[in-house]
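Chemist: Using this note's numbering, read the sequence shown as starting at 17 and increasing by one per residue.
Just so you know, nobody snuck in bad clues.
With beta-carbon atoms standing in for the labels, derived distance ranges:
#1 Y49 <-> I329: 29 to 37 Å
#2 L28 <-> L300: 17 to 25 Å
#3 E436 <-> V341: 22 to 30 Å
#4 T280 <-> Q323: 55 to 63 Å
#5 L300 <-> L234: 38 to 46 Å
#6 L333 <-> R179: 22 to 30 Å
No wet-lab data here; the hints were simulated from the structure.
No residue lacks a Cβ here, since even glycine has one placed at the ideal position from N, Cα and C.
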Amino acid sequence: MDGLIAVGLLMLLMIIGVPVAWSFAGVLAYLVYAYDANLNTLMLQGYRSLDSVILIALPLFVLTGYLMQSGGIAKRLVDFIEVMIGKRRGGMGASMVVASGIFGAIAGTATAAVASIGTIMIGPLEQRGYPRGYSSALLGISSLLGILIPPSITMILFAVVTRQSVAACFAASIGPAILLIIGLIIANRFSVGRFFDEINNAATEGMEKAPSKARATLRAFPALSLPIIILGGIYGGIFTPTEAAAVAAFAAMIIGFFIYKDLTVKRFSRSVISAAETTGTVILILLFSFMIGRILAMERIPQDLTQMVSALIDNPLLILIAVNVFLIIAGMIMDDVSVTVVVAPLFMPLMVESGVHPVHFASIVACSVVIGANSPPVAPILYMACRIGQVSIHRTVMPALALMGFVAMPVMLITTFVPELSLFIPRLLGFV
17 MDGLIAVGLL MLLMIIGVPV AWSFAGVLAY LVYAYDANLN TLMLQGYRSL
67 DSVILIALPL FVLTGYLMQS GGIAKRLVDF IEVMIGKRRG GMGASMVVAS
117 GIFGAIAGTA TAAVASIGTI MIGPLEQRGY PRGYSSALLG ISSLLGILIP
167 PSITMILFAV VTRQSVAACF AASIGPAILL IIGLIIANRF SVGRFFDEIN
217 NAATEGMEKA PSKARATLRA FPALSLPIII LGGIYGGIFT PTEAAAVAAF
267 AAMIIGFFIY KDLTVKRFSR SVISAAETTG TVILILLFSF MIGRILAMER
317 IPQDLTQMVS ALIDNPLLIL IAVNVFLIIA GMIMDDVSVT VVVAPLFMPL
367 MVESGVHPVH FASIVACSVV IGANSPPVAP ILYMACRIGQ VSIHRTVMPA
417 LALMGFVAMP VMLITTFVPE LSLFIPRLLG FV
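Using the sequences and the hints given, assemble the complete structure.
Modeler: This is the structure we're talking about:
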């Protein structure tokens, strides 16, 4: 019961506006008091848990995302994709989805994708007839591809807190990511033809000045080479995910400084500072979550939760549905990091008891974050997309709910009840 109270307290603190890291600190204080835990021992164990080579990838991928934004890499990617598919009906919306996917394959984060892709594309989308509310909703959902497409910071954290293979978790989310991209492109095309007829009339406006396909490809080639280098290196056994993060950050610097020449010393310093601030917050959350997890493990809270749910629900399918619902509700209130480092370890024993492979559970968690991060009341990614799109949340909620109901939710259900979608690639690569 105290474990569930702790999760409820965490949600309450976030709802009333307490910063995420200090919300975790408050929950830790409650659990230390409730179980009379030794804080000195917990601090030592938390520090040792952070002493991980895998976690070095975290600040490096975060830095890569900021360098892509300030170094002109994101803009070249968008220009390339727009030239390739932007002239088709609904092509601009599809361009945003694909650009977010490629961006995620380099940076591994949703917030950087929202800022980079949204800043570049929201204005042109409006010029071609897309309502800002719809564009911001599409931006919010497609940016979460950064969580599903490897390398994903969320999957790195999941692997660390659940002691799974990072490469296996990366590979598990590829299938759901491809399914989500296809679903969003189809939904966008349907929306354009069904509701936004003015887009068809404006679809080719401004495309006359666009560069040729050959020129756009040449400009974007250095940027397009990044995901090939990163993913090819990881799955080809050339380097580890941590080494891949270092290669990505170094390559982004080289491309930004010497090839595109958009990255200046001032912009580079701002990117480093922003990456340090983001990483510092995540590390604090991780430290507190490791300490919280240690208390819960010593008190056998996950095992007690497994027994309680198993006693109430004896059908594995119903257990999966219940866990999905809880993950979505948690994602509505907490950010993806919080859901991953707190809720995922809490439910891991229950999932294993129900016959769910831990790597499959990684995909389920990632898909739930896509829905929760765009669902009120907190909806951190959707609110950020609204700020970038300069539109009120009221004009964005309905399109976002439609995209989640007709695309993201079916993808989550397919991911949950068709394990092979998540396990096929890890098995093919020999990770599971």
